[in-house]
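Take these sequences, add in the hints, and give me the full structure.
6 protein chains.
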Amino acid sequence: MRLLLVNPNTSAAMTARMEREAAAALAPDAHLTALTAARGLPYIASRAEAQLAGASVLESLAEHQAGYDAAVIGAFGDPGLIAARELFDLPVVGMAEAAMLTACQLGQRFGIVTFSTTLLPWYEDAVTLAGLSGRCTCVRAVSTAFGSVLEVQHELEAEIVALANRAVSEDGIDAVILAGAPLTGLAARVADAVPVPLIDPLAAALGQAQTLVRLGARPARSGRFARPPAKPATGLAPALRRWIERGDGDDA
Amino acid sequence: MRLLLVNPNTSAAMTARMEREAAAALAPDAHLTALTAARGLPYIASRAEAQLAGASVLESLAEHQAGYDAAVIGAFGDPGLIAARELFDLPVVGMAEAAMLTACQLGQRFGIVTFSTTLLPWYEDAVTLAGLSGRCTCVRAVSTAFGSVLEVQHELEAEIVALANRAVSEDGIDAVILAGAPLTGLAARVADAVPVPLIDPLAAALGQAQTLVRLGARPARSGRFARPPAKPATGLAPALRRWIERGDGDDA
Amino acid sequence: MRLLLVNPNTSAAMTARMEREAAAALAPDAHLTALTAARGLPYIASRAEAQLAGASVLESLAEHQAGYDAAVIGAFGDPGLIAARELFDLPVVGMAEAAMLTACQLGQRFGIVTFSTTLLPWYEDAVTLAGLSGRCTCVRAVSTAFGSVLEVQHELEAEIVALANRAVSEDGIDAVILAGAPLTGLAARVADAVPVPLIDPLAAALGQAQTLVRLGARPARSGRFARPPAKPATGLAPALRRWIERGDGDDA
Amino acid sequence: MRLLLVNPNTSAAMTARMEREAAAALAPDAHLTALTAARGLPYIASRAEAQLAGASVLESLAEHQAGYDAAVIGAFGDPGLIAARELFDLPVVGMAEAAMLTACQLGQRFGIVTFSTTLLPWYEDAVTLAGLSGRCTCVRAVSTAFGSVLEVQHELEAEIVALANRAVSEDGIDAVILAGAPLTGLAARVADAVPVPLIDPLAAALGQAQTLVRLGARPARSGRFARPPAKPATGLAPALRRWIERGDGDDA
Amino acid sequence: MRLLLVNPNTSAAMTARMEREAAAALAPDAHLTALTAARGLPYIASRAEAQLAGASVLESLAEHQAGYDAAVIGAFGDPGLIAARELFDLPVVGMAEAAMLTACQLGQRFGIVTFSTTLLPWYEDAVTLAGLSGRCTCVRAVSTAFGSVLEVQHELEAEIVALANRAVSEDGIDAVILAGAPLTGLAARVADAVPVPLIDPLAAALGQAQTLVRLGARPARSGRFARPPAKPATGLAPALRRWIERGDGDDA
Amino acid sequence: MRLLLVNPNTSAAMTARMEREAAAALAPDAHLTALTAARGLPYIASRAEAQLAGASVLESLAEHQAGYDAAVIGAFGDPGLIAARELFDLPVVGMAEAAMLTACQLGQRFGIVTFSTTLLPWYEDAVTLAGLSGRCTCVRAVSTAFGSVLEVQHELEAEIVALANRAVSEDGIDAVILAGAPLTGLAARVADAVPVPLIDPLAAALGQAQTLVRLGARPARSGRFARPPAKPATGLAPALRRWIERGDGDDA
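As they're listed, the protein sequences go chains Z, P, E, Y, C and V.
Converting from the first sequence to the numbering used here requires adding 4 to each position, the first position being numbered 1.
Converting from the second sequence to the numbering used here requires adding 4 to each position, the first position being numbered 1.
Converting from the third sequence to the numbering used here requires adding 4 to each position, the first position being numbered 1.
Converting from the fourth sequence to the numbering used here requires adding 4 to each position, the first position being numbered 1.
Converting from the fifth sequence to the numbering used here requires adding 4 to each position, the first position being numbered 1.
Converting from the sixth sequence to the numbering used here requires adding 4 to each position, the first position being numbered 1.
Because the hints were derived from the structure by calculation, they are not lab data.
Small disclaimer: the values here were computed from a predicted structure and weren't measured.
Treat the hints with caution; some may be incorrect.
Remember, identical chains collapse to one label, so a pair may be satisfied in a single copy or spanning two.
Distance condition first, Cα-Cα at most 25 Å in a straight line; then the derived SDA-like pairs of lysine to any residue [what the hints assert, rightly or not]:
no., residue 1, residue 2
1, K235, T122
2, K235, Q69
3, K235, G176
4, K235, A70
5, K235, P223
Following this line, the structure appears as structure tokens:
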């Protein structure tokens with residue numbers, strides 16, 4: 005099966021790291037291609053930035069999704085997830101939603117731990133969007149400054165592990181999601197330092213994408229993820245404009 | 005006070021109608037300016053389209069908000085509402101949220117009635133986003149085809165009134181929101197034909213905007229609507245790019 | 005438009021203060037009349053007292069509401085709000101509900117801060133009654149004793165501001181309601197001392213009342229706020245007895 | 005043990021019926037006294053009427069509660085329940101709340117069936133007040149007119165039984181509450197005609213009152229049902245005024 | 005009336021204590037028989053153990069329930085409660101559910117205090133199962149080690165009282181449930197040491213059982229507690245196997 | 005990786021079918037072993053039967069789990085799921101929970117369709133247990149009688165497809181779970197006959213199990229799924245008794 009990872013940030017170095025860390029989560033028959041956003045911000049950290057990134061995700065998918073079996077949106081916070089599911093016919097997986105659904109099977113109550121307080125409102129909104137507020141006991145962030153978002157998982161490793169342990173003992177959680185694309189790979193490295201399961205959102209998202217592909221479900225022709233009717237569009241990226249204008253009737 | 009209405013659709017005729025109908029909802033000291041989106045779709049009707057429209061709302065506000073006391077996003081569904089509140093310092097009001105908050109004071113249970121089934125998932129999401137699912141008993145749409153979105157409030161007037169009455173009797177609601185910018189003005193025209201209060205979302209939004217202005221609350225410097233830190237951006241509309249890159253520190 | 009403010013407390017000095025502070029929240033065409041309760045308690049602070057005050061609000065409205073466009077119940081906690089909406093045909097606004105609905109547009113999570121721990125259960129019940137528990141993160145009270153309820157906003161100004169700031173930093177709220185009629189006017193005075201918007205419940209209530217009047221919605225003839233049928237009554241205040249006994253059929 | 009039943013309606017005939025039907029629900033050592041409201045309405049049927057009845061319940065309890073082990077408020081809808089629990093030191097039981105808590109042990113989902121559509125909003129509010137909306141699947145009323153509220157349980161017996169059976173088959177409920185003081189005694193008479201348990205609210209309330217008395221819990225000196233501090237009062241019934249003015253400190 | 009108490013633990017000494025403490029909660033016409041589980045664990049403290057205990061409760065009831073008017077499952081956590089209600093025709097009461105429903109009438113918010121942190125997940129699940137998470141503010145456990153589960157209520161009396169008082173002051177609860185069969189009788193002994201009502205789960209359960217018996221409700225022939233159809237069974241305890249294989253049709 | 009499927013029913017024919025249908029959902033490196041329950045019922049269909057089956061699942065896992073990477077409980081309704089997660093150290097997946105979590109990624113609202121009304125209360129409880137009531141719009145069952153539970157997916161294929169289509173059009177769902185082990189394989193066969201994605205619970209469970217294995221999370225040493233302390237046990241199946249008595253300290 006062919007999986008497409010869309011990084012909605014403009015950082016190619018981050019894309020490369022995610023691609024590298026993905027290997028352990030892929031079955032022998034699963035192949036991953038990773039894309040970096042052509043426009044936007046180097047690292048999304050607010051709902052305003054996610055609003056823009058969501059539009060960019062739709063542009064990327066319109067241009068590149070043909071021939072893939074499933075797509076993964078490579079940012080915790082899932083920019084454009086619902087819109088992408090509505091617009092395209094392949095399964096689309098979000099790192100935040102996938103991590104939370106996976107966590108539900110490893111704990112009755114999970115927590116989310118990340119590396120910057122700026123991210124909190126966006127990640128909290130992602131919990132609400134996924135309808136899992138009843139399962140997510142805390143969303144906590146390290147408040148120590150860091151130098152580079154690419155190196156933050158190393159720079160703040162001790163602080164992140166300490167915060168995860170505090171969340172376990174103070175909030176009574178049964179599993180911890182280490183959230184944010186820059187933390188990809190950290191969960192595996194520090195698994196022994198926290199007494200409950202740690203969830204790596206990229207690994208969870210790739211697992212969910214493979215599950216959806218093997219399930220073989222047909223695309224929705226009805227309901228809330230059915231593709232909207234064709235409609236004229238102005239000022240959009242060319243591939244996306246064509247996709248929206250073509251609509252349901254003439255996919256071929 | 006000066007209010008700015010941002011129509012996220014590309015239809016100038018719709019903007020003109022909204023501007024005309026706004027008069028009755030404005031106090032003597034309130035003045036309204038209305039803008040039409042430069043890019044996007046003539047009429048937003050899905051979550052994918054709203055994702056794109058939300059980005060366009062941010063572009064419009066970055067370019068035009070200076071000098072206004074409050075802004076209203078002129079589409080039921082509130083594209084870009086949370087992002088705009090985060091990014092800008094003036095109060096931003098959404099037609100869906102404002103209509104629902106107003107309805108809460110006229111009924112314990114309200115319903116939403118609109119003119120096209122295509123709109124249902126988007127409007128249902130707006131109820132969830134506003135956290136008012138417990139008060140909103142139904143979201144219903146007329147299923148009859150219509151010719152022109154500009155004339156739909158006349159073409160389907162009888163069907164919409166009939167559906168509002170059915171919602172009252174079958175779903176036990178105490179107030180009805182007539183949803184969708186194309187229905188602006190209809191509530192006043194058919195108020196006597198339905199035995200519970202009808203809410204016009206534009207009138208509600210303008211009322212809420214005036215309430216927020218007279219309240220005189222300071223912009224948030226903390227919390228979930230504080231402005232995100234400055235950050236480099238690529239490929240965005242110029243005014244929005246400048247706004248995001250300038251950030252908190254140097255507004256002047 | 006003509007607005008009626010019913011103070012359910014027996015303190016005329018409090019009524020005078022509220023009338024004075026109301027000015028800033030009124031449009032040029034809005035005129036306010038304020039009434040003081042003839043019987044009851046000088047300052048309501050419990051659910052038992054609110055039960056009695058609610059009955060007194062109905063008595064006041066039955067006697068005085070004729071000729072007004074909307075009424076505001078002048079106590080945070082909204083005694084008699086639902087009953088008044090059911091019984092009378094003009095829009096009735098509660099200070100607590102109005103403050104909370106207004107706060108929803110300035111923050112995703114708001115908190116309520118007040119001047120006496122005695123008030124907490126009553127205010128907590130008001131949050132539940134409004135169906136906004138999911139948005140209200142905390143209801144907190146200063147525990148310092150004070151001399152006079154009329155002067156409490158000055159006596160405890162420093163403590164209230166400090167508590168509002170603690171609520172912002174500890175509970176992660178985006179807006180603060182300064183609750184209780186004796187705090188009317190405080191929000192405007194200390195706005196710069198707290199980094200999130202402060203909501204004055206009286207200003208919010210007057211804004212909501214004006215919104216409802218300009219909306220021009222018809223009174224409910226059906227649903228949960230339709231007027232109950234006429235019925236004989238014993239031992240009630242004369243105007244209220246007549247209003248209940250006259251019922252729906254013969255309003256004229 | 006001595007139990008006090010306060011009928012908040014002014015109908016002595018209804019009080020007499022409730023007293024008569026109570027016998028089967030009392031243990032050999034439980035003795036019941038029943039009071040009729042001195043002022044108010046012959047039969048409460050709206051939230052406005054319940055607001056007034058709640059005040060009257062407080063007056064009755066202030067005058068008569070001394071020497072009793074527990075009190076029952078004799079109207080489904082529980083007027084004044086929270087206020088009474090706050091103000092007085094003996095356990096106070098409401099017929100609606102007691103019926104619902106009892107129903108929770110006979111079904112995972114219960115329904116409420118009553119004899120008049122006018123009652124629906126009030127009873128629906130009682131479900132919300134009890135925090136049991138998640139367990140209560142339906143509140144339904146017979147819509148047939150009847151002659152006398154005292155005889156309605158006989159006049160509409162067939163319609164009520166038919167509606168209870170419809171609620172079982174259509175709404176999937178596991179138990180039915182036959183609600184409204186005028187239906188007292190009906191559940192026992194028609195138990196065989198409905199395939200799920202029927203709950204008589206008066207019997208449930210008397211059972212709960214006896215449970216609370218045998219439990220022997222001390223009155224709250226803290227928390228949301230602790231008695232409010234003493235306070236001057238104007239224009240209240242004498243016994244209630246004395247009770248409120250005496251306050252916590254000098255009960256003796 | 006005849007009540008059956010099924011202790012799902014294998015400790016006969018615990019059964020004896022519960023039987024002794026039950027006296028104060030029984031009306032003059034109520035008689036109690038207490039059984040000890042033949043297999044299982046001396047003291048259940050986890051969901052895994054409760055899964056096994058629930059099966060054992062069904063075995064005990066199948067063998068002994070004939071001739072009783074109601075049964076009480078004698079462990080906080082209510083192992084087998086839903087299954088027993090489905091399988092048998094007499095009312096079945098759980099100590100956790102009964103304590104919580106009783107607490108709802110003595111406080112708007114209650115807390116649960118117990119003697120071992122090991123019990124927390126099981127008791128928290130019991131709150132969820134009862135659908136009362138909205139009313140239960142905290143579930144707290146003493147963390148001090150103790151010598152004997154039979155003597156723990158004496159060994160840790162001071163710690164339990166201190167924790168109950170902390171729950172009152174820190175969590176704002178209005179009533180405290182002293183949870184766990186080994187604490188039976190403690191509430192009565194320390195009632196004066198905590199400023200809110202204390203609930204003894206066994207007393208509450210016996211009160212609820214008597215309420216259900218006096219209510220005289222018929223067993224469900226429909227709904228979620230109707231007895232399942234007969235079915236062949238392998239490897240079950242003989243009485244239970246016979247009960248399951250006999251099914252609905254031939255009870256006689 | 006090695007996966008263990010525990011069928012809690014005593015039907016070896018059902019186990020064989022599940023094993024056969026599992027192939028399509030397994031990655032090239034995943035190997036499945038399937039077990040049939042030694043005692044219990046040929047087909048579980050009630051909460052009472054699930055209570056007993058859950059105990060049997062614990063017995064099977066205690067005896068057989070060594071050497072496996074994850075286990076799947078092979079009955080929709082997930083008997084013993086929470087208990088098994090608590091007791092054992094490998095990931096344990098339930099068919100109902102896994103199907104629902106998977107459905108959340110294919111629809112905002114899903115429905116559950118099954119072949120017998122007897123199953124409804126059990127499946128409804130499974131939705132509640134998974135905390136997904138907000139996402140599950142309906143649980144519906146065909147009411148037509150069938151001859152053999154092994155053949156029911158063929159006997160009632162037309163009725164099940166028709167009911168799934170009715171659920172889509174009447175309840176507005178976006179995805180349908182075909183629930184119950186006897187329907188394993190049906191989703192793939194009728195995927196084209198329903199306009200929204202169909203979810204096969206066994207395929208979903210196997211996908212989730214593989215996701216959890218590749219995630220490589222450590223077993224919980226803390227939290228709600230940490231293994232309970234060792235404890236003496238009486239009358240349990242030998243392997244389970246040994247597992248419980250050995251406890252945490254001496255796994256080796």
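The hints, checked one at a time:
For the identical chains of this complex, K235 and T122 are inter-copy neighbours only, at 13 Å across copies versus 37 Å inside a copy, given an alpha-carbon limit of 25 Å. Taking the shortest alpha-carbon separations for K235 and Q69, only the intra-copy value of 20 Å comes in at or below 25 Å, while the best inter-copy value is 29 Å. Taking the shortest alpha-carbon separations for K235 and G176, only the inter-copy value of 24 Å comes in at or below 25 Å, while the best intra-copy value is 50 Å. In the homo-oligomer, the alpha carbons of K235 and A70 lie at most 25 Å apart inside one protomer (21 Å), although the nearest pairing across protomers, at 33 Å, exceeds that limit.
In the homo-oligomer, the alpha carbons of K235 and P223 lie at most 25 Å apart inside one protomer (20 Å), although the nearest pairing across protomers, at 38 Å, exceeds that limit.
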